[in-house]
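Engineer: Listed below, chain by chain, are the residues.
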Amino acid sequence: MSCTENKARLAERQEQWQVMVEKALARFPERKENFATTSGIEMKRLFTPADVETIDYNDEVGFPGEFPFTRGVQPTMYRARFWTMRQYAGFGSAKQTNERYRYLLEQGQTGLSVAFDLPTQIGYDSDHELSDGEVGKVGVAIDSLADMEILFDQIALDKVSTSMTINAPAAVLLAMYIAVAEKQGVSSDKLRGTIQNDVLKEYFARGTYIFPPQPSMKIITDIFSYCKDNLPNWNTISISGYHIREAGSSAVQEVAFTLADGLAYVDAAVKTGLDVDVFAKRLSFFFNVHNNFLEEVAKFRAARRLWAKLMKERFGAKKASSMMMRFHTQTAGCSLTAQQPDNNVVRVTMQALAAVLGGTNSLHTNSRDEALCLPTEDSVRIALRTQQIIAHESGVADTIDPLAGSYMVESMTSEIEAKALKYIEKIDDLGGVVKAIEAGYMQQEIGDSAYAYQKSVETVEQVIVGVNKFTIEEAAPENLLRIKKEMELEQLKSLKAMKANRDAAAVAASLKELRRVAESGDNLLPVIVSAVKTYATLGEVCGVLREVFGEYIEG
Amino acid sequence: MKDLVTGLLAGKVRPLAKAITVVENDRSGKRELLKEIYPRTGNAYLLGITGPPGAGKSTLTDKVISKLRQQGKTVGVIAVDPSSPFSGGAILGDRIRMQQHALDDGVFIRSMATRSHLGGLSKSAVDVMHLMDASGKDVIIIETVGVGQDEVDIVRIAKTTVVVMVPGLGDSVQIAKAGVMEIADVFAVNKADREGADKLFSEIRAMLDMIKDKDKPEIFRTVAVDDVGIDELVQGIFAHGDKVVETGLIQKKIAEKAESELRAYLLDSIMERSTTMTDYDEIVKRVADKQITPMDGVDEIFAGLGMTIKES
Amino acid sequence: MDKKIKVLVAKPGLDGHDRGAKVVSRALRDAGMEVIYTGIRQTPEQIVATAVQEDVDSIGLSCLSGAHNKLFPKVVDLLKAQGAGDVLVFGGGIIPDEDIPGLKAAGVAEIFLPGTSTEDTIAFIKENVTTA
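Protein chains in written order, with the working numbering: chain A, 1 to 555; chain B, 556 to 867; chain C, 868 to 999.
Honestly, I wouldn't trust all of these hints.
Stated by the list, open to error - Derived DMTMM-like pairs: lysine to aspartate or glutamate, alpha-carbon spacing no greater than 25 angstroms straight-line:
(1) B:LYS622 with A:GLU547
(2) C:LYS871 with B:ASP708
(3) A:LYS435 with B:ASP748
(4) C:LYS941 with A:GLU490
(5) A:LYS435 with B:ASP782
(6) A:LYS435 with B:GLU750
(7) C:LYS870 with B:GLU827
(8) B:LYS567 with C:GLU912
(9) C:LYS947 with B:ASP660
(10) C:LYS870 with B:ASP558
(11) A:LYS485 with C:ASP966
(12) A:LYS435 with B:ASP753
(13) B:LYS622 with A:GLU438
(14) A:LYS469 with C:ASP987
(15) B:LYS573 with C:GLU994
(16) B:LYS622 with A:GLU554
(17) C:LYS971 with A:GLU478
(18) A:LYS485 with C:GLU977
(19) A:LYS422 with B:GLU750
(20) C:LYS971 with A:GLU486
(21) A:LYS496 with A:ASP127
(22) C:LYS941 with A:ASP132
(23) B:LYS567 with C:ASP944
(24) C:LYS941 with B:ASP659
(25) C:LYS871 with B:ASP823
(26) C:LYS947 with B:ASP558
(27) C:LYS941 with A:GLU129
(28) B:LYS557 with C:ASP953
Rather than coming from a laboratory, the hints here were simulated on the basis of the structure.
Using the sequences provided together with the hints, build the complete structure.
Structural biologist: Here it is, written out as structure tokens:
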């Protein structure tokens, strides 16, 4: 039978089926009038070959490891090696966190992921007045190289890959990492890992910015340039949609705003004279994985395809490695419920499965108790085991991109790609991401989505099991992990002791040199590396940069 | 009430804040309060800052506050944001950009929603200005979105009104239509580092050539986020103020201001009496039913109030 | 004239997660209240100075970083020191149950945990604000 005959037959059959549907609807109306995803994409009753008719397999879907990478970035994907199982962890002091890291490595985790406390993320030492109450709370407190040495004690930095969630002061923490490695006898070209270093999303989704956009972009391109020569295996940025989604965006907005940020970084780097085919392979991405399973799988596939096309079309990238989007995924923190927390294990499982079916390169699974507090060791282990069960028992990793060819998934992939591109073009019209941030565009869009979602939960249009339906009376949870009050005092004490024991003149000289370089516009990395080696603190280094570059004010 | 007045006149923060609430909510005691402080007003420099949404008014205001503080002047700020027409509520977010002054005793910032009642905002905003004035603030800035008549009315009573414009916000002719061009004493072309700033600058100049026959307002270029051009702007503001005094225009402004305040209360008072002391709704209905003209309706209302109408 | 309820929604400390604060702000606006939003990274001193100048009826504090035990009571104490102890203070965020009694004893009127409906927050404010 010819293709046209097939099509005609399909249309005819669909009409017949529609008659049957109408009859069924007359007797049993559907649960809702409209079925739609978080991004407002219609979930049709049924997807058929007609929905994928316009999608050219060779151009749009293709083969794993090949442009446009819809099916994944490696030719054999998980058949060679599972995704990296990387649990984000850090709390309290460097010593406590070091113990957690060594536990996780013993349990079979394959990479480290450092969570820093808020003062560290905003470039304040633990003794700064704004640090009061925040030290060691959402991550580990790092004031100086001394803390960093303890954090990686007995962890061989040439054997492990380390991801650091650090943005505005990324250069300083990277410098400390380089210095610790050097003390271990590991040269910087051996270091593998990632710094988040994605300041743009801080302005509209996460809030740990320090400097205004312009100097921030300058520091970021300094890092690109320094790493190209000194840390060739380091991922210099992790362009993050995770926090955009946590702030309340839809899946489409997550893809769009993340890629728009990515384009801004590439643009900035190209403008400083870097060759796109040299640095682009070190760009990595970081996404959220939320509850709407099929939309999420399609989202990852759409993001990969759209990025590949944009790199090719907008920047003339030639190497495959410059166009392939590699990404880390974390299950959605905002989807966790404080009510019936064990249900979160199930949510995380489904989310993790969506990430794997979407071809993630590494994965963090949240712990069930994170809507209540920092995760306990037991909870973290279950979260890691969830990944291990998907990898070793479910069989989904044995064939590549198994949902490809699903009428629904392919159709949704194209739809998300098209809608995300529309947003990106809107941001182009506004003059790019920085101008769009100043105009409050993304903030408004995300705020609208977050509010609409909240309303849908309150009207129980969106059911959250255990929260607005199937609720029970619960006793308060027990055995939560708390950061002891003494921790902050001990950190202050050790900071004071460290300052008393260092070579004050060397510190002063290094900070003076830092100021000179910052004012000159030269690359900041070498001088920051020198400064942290004198045990100049994070707050001191960022303090000099604050004076030179100014601080960003929300608005 | 006595304590409130004493505290306010002594420049204390909480009595001023409480007094503003009394005025803003039209609470009992408002009349007495205003009577007490009215003679103590007239010393502050009233500065209006207006312009379209997205022009960077709040950031500009923030920087102007800093300059004024460096000169040792105390500052009161009234930041106006629109109320939701649906719920009557509002999100007042202008302060975000001014929070660096939150702990400065010499700066008092108050957010105000436009609320819905006709002419109400300008009336209560003016009264709030009086309160800040009486509490000893040297300069009072009122920041509004320059779109509605209400907002235009407020800045009309300022000694100096700065109109903030920004390149890339679309058709500047629209702004001219809204009447903002006419009220500007000083222009600030903000975000002047952007493409289109020069064009906007010359467009404003050209428009002024067309519609103004008196002194041309000065136009300043600013980049408020980077604190660029603010010194010059502040100098320009005070230069305008000096000129207003030198030319004697100030007398006219004061009279205009008094007249506009009086009129606002007069209209309000007539409306209130009309709706409470006459068959107002019934008269409205008859106008709607085309039984009488609106002018006849007015005569009936006035008759109901015991006022005689002179035939003209 | 009807009295508008004025609420200051503030994020004390360094936590930048403002989704909840912004959603609550919108919900309060849609319930007819006037909301002053001051953005992230506010010190308790800034929050209280703002509350006093704005003469708000209530303050909603949001903190997800775990610093609530230090920051929330400090806001209440500073309010009292300014003679504004009548301002209704409530909080929200990731706050362990076991911290709630301590926060309430310190003068925080109510704590809303993740999953709270904004309707509950609105009802709470309407019932407890003293609009004298």
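Engineer: Starting from the hint list further up, note which numbers the structure goes against and sort them upward.
Structural biologist: As far as the earlier hints go, not one is violated by this structure.
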